[in-house]
Amino acid sequence: MSFTFKLNIGSRVYRDLEFFIWNLYNMSVQKFITGNFYDEEVLFPAIKKTRRAGYKIHDVFTPFPIHGLDKAMGLRDTSLHTAGFIYGITGTATAVGFITWALTMDWKLNFGGKPFFSLPAWIPVTFELTVLFAAVGMVLTFCYLCQLAPFVKKDHFNPRSTDDTFVMALECTNKTNEEEAIRFLQSIGAADVQVQYKETGWWLGRYDKDTKRFEKKTELESAH
Amino acid sequence: MSIKEKFVIPGRFNTISIALMGLGVLAIIGLYITTHGSGGTAEEKAMHDARFWASLLQNSVYFLLVVNASMFFICATTLAWGGWQMAFRRVPEAISAVVPVIGVIALAILLAINYGDNHTIYHWTDGEHVKHDKILNFKKGFLNKDFFTAMTIFTVAGWSLLGWKMRKLSRSLDERPLPTIAERKNYIWNNTVWAALYIVVFALTIMSSIPWLWLMSIDAHWYSTMYSWYTFASTFVAGMALIALFIVYLKNKGYLELTNDEHLHDVGKFMFAFSVFWTYLWFSQFMLIWYANIPEETTYFKPRAYGPYSGLFWFMFIINFIAPLLILMRRNSKRNYTTITFMAVLIIFGHWLDLYQMVFVSPMTDSKTGETHVPNLLWDFGVALGFVGLIMFVTGRALSKYPLLAKNHPFVKESVIHHT
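Protein sequences appear in the order of chains A and B. Sequential numbering from 1 applies to the first sequence in the working numbering. Sequential numbering from 1001 applies to the second sequence in the working numbering.
Just so you know, the hints here were simulated from the structure itself, not pulled from any lab data. Incorrect hints may have been included.
[As the list claims (entries may be wrong)] Simulated restraints on C-beta separations: (1) B:Leu1079 <-> A:Lys71: 55 to 61 Å; (2) A:Asp106 <-> B:Lys1368: 47 to 53 Å; (3) B:Leu1111 <-> A:His67: 49 to 55 Å.
Ideal Cβ positions, reconstructed from N, Cα and C, are used throughout, including at glycine.
Can you build the whole structure from these sequences, using the hints too?
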């Protein structure tokens, strides 16, 4: 679950849609505070402390999946399963519907004297189509939720999250005291604590325009 | 966390298991009286006799294969170097301790049918008939009394002995921790070798020859190459359901502290996956015969899927496939004690019905008129309850004798931190 892309897959659907519409008019930039962790033994208690202290964890980025991280962060279950089930059912319905229409209404064929409506003979194709729809649909949904696509440049809070460290990003709100948050991160074992500004929202064809990204930085800072 | 070392059999558990066994004995006696009390021609008498023995055959073979699936689970996970099952491994171990008990019962029943001149169930035992029957004459090298007996004894003895060896290996660590890595490696290697041996015997028996001999030879003219796999899938999923039932029971009683939702989830996955696997084999067997439509093959499905047994057949299909597929698909339902218990009972019952329609059709067919009828299921259900009581009784005793956690096994930690 926890590779370098965003972790809380399911909860993003609504927000992404919202941001998509919102960003058509308005690009928003968000402030984050990131810290590196070198050890799971430090990371897990740190997550616990951060949540207890009331900071909003944007995400934790790790080079490899860590069991139990989603639970520690309190993420809800992904909806990918539900999506997969719906795709699968769609595949089943498509196969049964199409074959029924083709072989009992549109172009009746006599196969060895079997009735035109021969469900057992269609099960293999129905099964395959169910699997195909579920598999392809889930891969595409997964890519959408994780904002992965060819030629999309992914943004990293810290490139070392793809190498050897775990990166925790705190999302700052109007009420967050920056100094305090930095001190807090350092106190729970984070190294290389940084303040970063990121453009939030819709991603397609946006992230390659690196120069535009921090344009509103001063505006945002003055607003705080 | 304090660990309750051993299972103490509650009084109620004991009472229920003994009551169920009593019920089973009563059902067997009642069934014997009802089938043998009435008069009639010699043929009618033979049919009634066959109905009695078919009930014993179906129940003993089914429950033998179900409890034996536990040992298969242990050996398969051992061979795969699985560690996640260590937290509750003593449960399948205890269930597999029932194998020798039901094995002896099944052996007695099978040999009684084999040598009891009960030609209605195994009509290949009728020497005179085989001489004139071209197909049975051809199969004589495989389907004969001696080979049947030898194979049956080999099977029951092999499962019992190798199962006993596996359990003994597991218990040998209870008082003896393994301090060095070399010793642990050696222990795992030892385990692997014995598990592999068991799997070989398992493959030679339930996965190939035994269902042909015990069950498929009831319809001696007909054959299917899927049959053994089908029987295996059927009993394995029921075996996993049985393990799940015992885990939930022990958890509710406050035992198995280290077993949590993660482990139950994986057992639930097994129940789900093998329900689908069973359906896959069921359908593969059914569709090929349906498609080819060759009379000598369709005789098998004619009374089952389209004849008097069709209600039972499709009902069994719904509770063995549709119900597990839709109910066990969700993650939460695999972690919920209530749904797991409900599905486990449903699956065990469903596959019992599956074996019911596999066994009963042929003995219940009148050889003259070719008419088939469904006997009163309640008698057979009573016999099944007797076997359930026996499984509870022996498993309970096996659980109470040894610690519930194989704490010195090298893979225990892997199970404690298990996460799905």
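Taking the hints in turn, this is what the structure says about them:
1. The hint said 55 to 61 Å for the Cβ distance between Leu1079 (chain B) and Lys71 (chain A), and at roughly 31 Å that hint is violated.
2. Between Asp106 (chain A) and Lys1368 (chain B), the C-beta spacing of about 49 Å keeps the proposed range 47 to 53 Å intact.
3. A hinted range of 49 to 55 Å holds for the C-beta pair Leu1111 (chain B) and His67 (chain A), which are about 51 Å apart.
When held up to the earlier numbered hints, the structure conflicts with hint 1 and nothing else.
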